[in-house]
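Participant: Take a look at the letters that make up each chain.
Number of protein chains: 6
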Amino acid sequence: MEYEDASPEVRAVYDDIMATRKIDQINNFWKALASHPPTLRRTWESLKEVMAPGALDPLTKEMVYLAVSVTNSCEYCIASHSAAARKAGMTEEMFGELMGVVGMANETNRLVNGYRVPVDERFKR
Amino acid sequence: MEYEDASPEVRAVYDDIMATRKIDQINNFWKALASHPPTLRRTWESLKEVMAPGALDPLTKEMVYLAVSVTNSCEYCIASHSAAARKAGMTEEMFGELMGVVGMANETNRLVNGYRVPVDERFKR
Amino acid sequence: MEYEDASPEVRAVYDDIMATRKIDQINNFWKALASHPPTLRRTWESLKEVMAPGALDPLTKEMVYLAVSVTNSCEYCIASHSAAARKAGMTEEMFGELMGVVGMANETNRLVNGYRVPVDERFKR
Amino acid sequence: MEYEDASPEVRAVYDDIMATRKIDQINNFWKALASHPPTLRRTWESLKEVMAPGALDPLTKEMVYLAVSVTNSCEYCIASHSAAARKAGMTEEMFGELMGVVGMANETNRLVNGYRVPVDERFKR
Amino acid sequence: MEYEDASPEVRAVYDDIMATRKIDQINNFWKALASHPPTLRRTWESLKEVMAPGALDPLTKEMVYLAVSVTNSCEYCIASHSAAARKAGMTEEMFGELMGVVGMANETNRLVNGYRVPVDERFKR
Amino acid sequence: MEYEDASPEVRAVYDDIMATRKIDQINNFWKALASHPPTLRRTWESLKEVMAPGALDPLTKEMVYLAVSVTNSCEYCIASHSAAARKAGMTEEMFGELMGVVGMANETNRLVNGYRVPVDERFKR
Chain A
1 MEYEDASPEV RAVYDDIMAT RKIDQINNFW KALASHPPTL RRTWESLKEV
51 MAPGALDPLT KEMVYLAVSV TNSCEYCIAS HSAAARKAGM TEEMFGELMG
101 VVGMANETNR LVNGYRVPVD ERFKR
Chain B
1 MEYEDASPEV RAVYDDIMAT RKIDQINNFW KALASHPPTL RRTWESLKEV
51 MAPGALDPLT KEMVYLAVSV TNSCEYCIAS HSAAARKAGM TEEMFGELMG
101 VVGMANETNR LVNGYRVPVD ERFKR
Chain C
1 MEYEDASPEV RAVYDDIMAT RKIDQINNFW KALASHPPTL RRTWESLKEV
51 MAPGALDPLT KEMVYLAVSV TNSCEYCIAS HSAAARKAGM TEEMFGELMG
101 VVGMANETNR LVNGYRVPVD ERFKR
Chain D
1 MEYEDASPEV RAVYDDIMAT RKIDQINNFW KALASHPPTL RRTWESLKEV
51 MAPGALDPLT KEMVYLAVSV TNSCEYCIAS HSAAARKAGM TEEMFGELMG
101 VVGMANETNR LVNGYRVPVD ERFKR
Chain E
1 MEYEDASPEV RAVYDDIMAT RKIDQINNFW KALASHPPTL RRTWESLKEV
51 MAPGALDPLT KEMVYLAVSV TNSCEYCIAS HSAAARKAGM TEEMFGELMG
101 VVGMANETNR LVNGYRVPVD ERFKR
Chain F
1 MEYEDASPEV RAVYDDIMAT RKIDQINNFW KALASHPPTL RRTWESLKEV
51 MAPGALDPLT KEMVYLAVSV TNSCEYCIAS HSAAARKAGM TEEMFGELMG
101 VVGMANETNR LVNGYRVPVD ERFKR
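Residue numbers (full-length UniProt numbering), protein chains in the order written: chain A, 1 to 125; chain B, 1 to 125; chain C, 1 to 125; chain D, 1 to 125; chain E, 1 to 125; chain F, 1 to 125.
The set of hints was computed from the structure by calculation and includes no laboratory data. Keep in mind that this is a model prediction, so the values were computed, not measured. Treat the hints with care, since some could be wrong.
[What the hints assert, rightly or not] Result set (DMTMM-like, lysine to aspartate or glutamate): computed pairs, CA atoms no more than 20 Å apart in a straight line:
(1) B:K124 - A:E92
(2) C:K124 - D:D16
(3) A:K124 - B:E75
(4) A:K87 - B:E75
(5) D:K48 - D:E92
(6) D:K124 - F:E121
I would like the entire structure built from these sequences, with the hints used as guidance.
Facilitator: Written out as structure tokens, the structure is:
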């Protein structure tokens, strides 16, 4: 749904996205969600809160987002959050190391399953 | 496989793990892998290389590892990498924000799928 | 595999699919499975039984199918079961709410993992 | 975090959960999230909105939640949403059919992958 | 559901399982499915057909089953199919190599995602 | 990254890949990894070790790789490992049976989750 065709409720979200992110176009993701305004509004408000700078900096958050998206095979999310992470300062070297960690985590997660490794006593809650 | 029962090949890996991580016990994960020494050696060498400080700092790497393990529902990995991330400096506040990002990424990954969002032209390669 | 090129065994399945669903074309899914007739037959018989009206109505079943396909990132399945669910009566509003539930379930599934929440006594079996 | 030890901010969420759901105990899930109050509040507000009756009835929503949790292997979520779905009216017969659909969807999602089935022209957007 | 409490329909499936597999006890999996007899019967008939010796031998099939279960983090399935694969001839060395392949496949699947690798022309259909 | 543009470090890996696999072109996967040479080298060395003939033959290993890739919905990996498995001797019949096992494993993995089946005493470690 394009800006010009959107209801005031949807436009308000689009405006807040553009203002918060200092951008002047709306990604296809938000345009798609706009077909169900409550989901658009709720998702944007949650994402805005979660991705705001806090105890973790924006670059770390974007790299974590990318790591999850890569693990879940979400092509769109990988494309958009790769761009966002690079914009936030991720270099080619950092991306290479990030993929190294993501790859090894996915590998060892399965080795743990296959070998049925019991949780060490000192890691229990 | 306990240290005292291990072959010289396995002991060499155990020794390197303890020296590299400055610890004096071997986690159940490595003891389980020791039943197939080539997998033990290869996995350790890869993990050692991937988790070494580089363009990304060790805390960021541990949090990414945790994010992947949470996405994959690997109970053992969540337990051990939560401990490792906390040892590397992750506070309760940072953990809360990390989970916020992991949760939202898992949510939006599926919204993208369900709404069949096409990749924006500017994110294409 | 097109109808005209199919063996009698495959044609019998195609005929049953078209008669059961009151349609006159065979989806690419079945044409692909036809390269291994036992898988074609078995999959169709199972699907026919599982998707038949019963204690759950066909629309509910199609929405559950879609929810699983979205969670698994199966593009083909999302496309075909979105169409099937709409044909069975899913409105845009229902789809929006469905995606809301699917998204939140994927989010909270991971929060549960990350926070390592123990099962409440009263939910145990 | 138990009610008596909770801050006013956390107590307000606990109170709203108990009032909305007409229950008098707080699940372990919310007690765990309470260690990061913003995540507790945001998750509850989203879940409350998403699970409220709307175009889909509460039972359908609970069954969809369960279907996703089963697909993701979230033990806690399966336990709690099985209970919630039964409370909302899910019979043993309905559960059996639900699992039938979830199982077949997970099976056919992979057959589609393996056979690399192209999306039918009429299902494209 | 135990044999002595089962309906004739359920007993017939139990009998066929024990006869086909030359065993004299029923696994918890089948006892659980027995609460919905159509799912019990359908699942057993499909599994019996799929796991029968054919172009692939039983050991290969059990190892593939185990590889999928490890990838999906299904604890019960890993336990039961590890046992079945060992009974069919899987040695410790074979298990070690199997896990090596499963681990690397899970790793490279994600590297492919992260690096957004386009399918080589000669692998296209 | 094409051979002619590659550094000596990257060329050495490309040369080893072509010599080991007796091929004369480099897949897009390796060309993509070449943007981070340590990941290229490490991934190739691990893959070379894991896929070498051992207690399991190369065809079995390729089919397991394919089974995991199908379960993970990795389109590129399915395309390249289907080709590799066929080259190693997988017939259409074997592929059909392989997909049958992969499909059923994905189905029963979820039935186990949904029915919350406890591990049988004799499968415990």
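Participant: Name the hints, by number, that the structure is in violation of.
Facilitator: 2, 4, 5 and 6
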